[in-house]
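*Asks:* For chain A, the structure is supplied; the task is to place chain B on it using the hints.
In order, the protein sequence lines correspond to chains A and B.
Take 1 as the starting number for the first sequence in the numbering used here and just add one per residue.
Take 1 as the starting number for the second sequence in the numbering used here and just add one per residue.
Hint data in this document are derived by calculation from the structure and do not stem from the laboratory.
Just so you know, even glycine gets a beta-carbon here, dropped at the ideal spot from N, CA and C.
Treat the hints with care, since some could be wrong.
[Unchecked claim] Here's a subset of chain A near chain B, in silico, CB distances under 8 Å, partners left out:
id, residue
1, H123
2, E169
3, E170
4, P272
5, W274
6, V314
[As the list claims (entries may be wrong)] Each pair of labels, with its calculated beta carbon distance range:
id, chain 1, residue 1, chain 2, residue 2, range
7, B, A53, A, R298, 41 to 47 Å
8, A, P303, B, P77, 17 to 23 Å
9, B, E261, A, G304, 39 to 45 Å
10, B, A53, A, A54, 42 to 48 Å
[As the list claims (entries may be wrong)] These stretches of chain B come out as covered by chain A in the derived footprint (C-beta under 8 Å, 3 or more residues):
id, stretch
11, 57-65
12, 159-167
13, 214-223
14, 272-286
Protein chains: 2
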Amino acid sequence: MEQSATGRLYGVGLGPGDPSLMTVRAVEVIAAADVIAYHSARHGRSIARSIAAAHLRADHIEEALVYPVTTESTDHPGGYRGALDDFYEEAAARLAAHLDAGRTVAVLAEGDPLFYGSYQHMHKRLAHRYPTEVIPGVTSVSAAAARLGEPLVEAEEVLTILPGTLPEEELAARLAATDSAVVMKLGRTFGKVRGALERAGRLDEARYVERATMKGERTGSLADVDPESVPYFSVAVLPSRVAPLTGGPKPASSEDPGRGEVVVVGTGPAGPLWLTPETRGALAAADDLVGYTTYVDRVPHRPGQRRHGSDNRVESERAEFALELAKRGRR
Amino acid sequence: MEQSATGRLYGVGLGPGDPSLMTVRAVEVIAAADVIAYHSARHGRSIARSIAAAHLRADHIEEALVYPVTTESTDHPGGYRGALDDFYEEAAARLAAHLDAGRTVAVLAEGDPLFYGSYQHMHKRLAHRYPTEVIPGVTSVSAAAARLGEPLVEAEEVLTILPGTLPEEELAARLAATDSAVVMKLGRTFGKVRGALERAGRLDEARYVERATMKGERTGSLADVDPESVPYFSVAVLPSRVAPLTGGPKPASSEDPGRGEVVVVGTGPAGPLWLTPETRGALAAADDLVGYTTYVDRVPHRPGQRRHGSDNRVESERAEFALELAKRGRR
Chain A
1 MEQSATGRLY GVGLGPGDPS LMTVRAVEVI AAADVIAYHS ARHGRSIARS IAAAHLRADH
61 IEEALVYPVT TESTDHPGGY RGALDDFYEE AAARLAAHLD AGRTVAVLAE GDPLFYGSYQ
121 HMHKRLAHRY PTEVIPGVTS VSAAAARLGE PLVEAEEVLT ILPGTLPEEE LAARLAATDS
181 AVVMKLGRTF GKVRGALERA GRLDEARYVE RATMKGERTG SLADVDPESV PYFSVAVLPS
241 RVAPLTGGPK PASSEDPGRG EVVVVGTGPA GPLWLTPETR GALAAADDLV GYTTYVDRVP
301 HRPGQRRHGS DNRVESERAE FALELAKRGR R
Chain B
1 MEQSATGRLY GVGLGPGDPS LMTVRAVEVI AAADVIAYHS ARHGRSIARS IAAAHLRADH
61 IEEALVYPVT TESTDHPGGY RGALDDFYEE AAARLAAHLD AGRTVAVLAE GDPLFYGSYQ
121 HMHKRLAHRY PTEVIPGVTS VSAAAARLGE PLVEAEEVLT ILPGTLPEEE LAARLAATDS
181 AVVMKLGRTF GKVRGALERA GRLDEARYVE RATMKGERTG SLADVDPESV PYFSVAVLPS
241 RVAPLTGGPK PASSEDPGRG EVVVVGTGPA GPLWLTPETR GALAAADDLV GYTTYVDRVP
301 HRPGQRRHGS DNRVESERAE FALELAKRGR R
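For reference, chain A alone in the conformation it holds in the complex:
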């Protein structure tokens, strides 16, 4: 707000797509800025610009930062990475010229500016040189949960957010070990993400959200989605595992004699730091935990899960009890 020789840089989160999900502050900052900058692909259409369109004026200076490449193939001697680095340097220099001239620059960012996304490359090159403020925004993670109408995380649950570009085995391990999850950057990665959900035993729970809050929005069960139809602006969601109290379907595994199962897990010699994702996933998915009290006590509490700790010397009774529970349909 103070007068200074240089202008001020704003990273402005625009939310997931619906212009009414911009914050009041984002609207204010855009209205007061001299320069509006946004990234776009080579075709020149900027989703960020279209979200903010109602607030752009004829006297705004617009800086379109157009990516030189859209896939990983390029003629640049430094390859894809080198081409991008040059592009970011050049884009930052264009914004710096405005800031040096005392102009306020608002860089538009879909979702939240510091959560994946292009603004970060400008931030790293400019924020230490100019007064800078980041306006946080609603992420596609929150938007997807809202459009599904399903709780994302509750109580002691852990949420993992991960890009679909990771290797399939890596995705499977992360998905097995977490409670809730959102997988970003679908599109061409969809088949791999679906495979990872299947390997992690979580395909049935997985939900799909395409273009949340935007035109052409689609939601549904991920298992039903045609892989050929998936755009980049879509996410996979594993919602909260805490059972719905009323209304929703009862979890299939509880008290259903057709589905009982005993899973024997090794917890390793030294606690969670050496616990594998597969064991962690099995512990989280269980209805009942049966074991030596000292070990059972270390497993985080989970609503609806029953714990049966016992002495170290009653292994056969414990096994019998676990099999009895499984016969009654528990897992």
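*Replies:* Frame of chain A, contents of chain B only:
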């Protein structure tokens, strides 16, 4: 929008605290609602109400949903859990009476309505019975990153969001295995969270944000925080590990002869599903990966990290090479 016999339920995300971080849609929905509901502790002050205060009118019907207990001690025969369940049932019944009378009810939610938090308990009891819409909001996660001015996740990084109420060992394992992290629900859990960051080898990177975007905001290095001074409305942040390109400090471990280290990790017999959090953390923190190409290829790529795959039969050359790198200060 259509006329219906019953009213409409809205879960309204208010953002992290600064009223200007409410979305345009949240402001609209509050203005148009007949009933404004909000949770509060027994002292009656509602942070949610205070964020929305400028938009409340004298003719709004206000429903304060006052928690009967604030700690885990209670006289209720069902204990803490039973007391809460009764409270949620009674609160939902109060809102249902308004909805049955055709009134629009807006339930105010700090941050995002489906991301931890109280609105979810109303949603689970009412959303299947009445037309319901959730307005997503800016989370304290995005607000904390914005106030720190540090990127949260970039490229192929994984973000883990977890509650400080988990056991310390569990926290340490989760923090070791992730790239970025935000730990919610600090306050009395702070000492444990600090201990877990230390055990995970990540205390030096950890940042602290108290009351992000609110009055009394405080940010800094987590290691410097006095545990006695930490309120519930604070979070711990492990920002993006992708090194700042310019401006920020260079990572201490690269090319610093005083700090080189060889870490020998076991990747297990079957890929990431059996990979321990400790190994995963060491792989992510390395400057150089040295090993059999087949295994090295499975580890996700990370900007700035160098990979040295080799044949399966050159173990001693490989070891020598790794020691040589460590002598030059690399990890």
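*Asks:* The structure should be examined with respect to each hint, and the outcome stated for every one.
*Replies:* Evaluation of the provided hints:
no. : hint                        : in the structure
1   : H123                        : holds (7 Å)
2   : E169                        : holds (4 Å)
3   : E170                        : holds (5 Å)
4   : P272                        : holds (3 Å)
5   : W274                        : holds (5 Å)
6   : V314                        : violated (25 Å)
7   : A53/B / R298/A: 41 to 47 Å  : holds (44 Å)
8   : P303/A / P77/B: 17 to 23 Å  : holds (19 Å)
9   : E261/B / G304/A: 39 to 45 Å : holds (44 Å)
10  : A53/B / A54/A: 42 to 48 Å   : violated (27 Å)
11  : 57-65                       : violated (count 0)
12  : 159-167                     : holds (count 8)
13  : 214-223                     : violated (count 0)
14  : 272-286                     : holds (count 7)
Hints 6, 10, 11, 13 from the earlier list are contradicted by this structure; the remaining hints agree with it.
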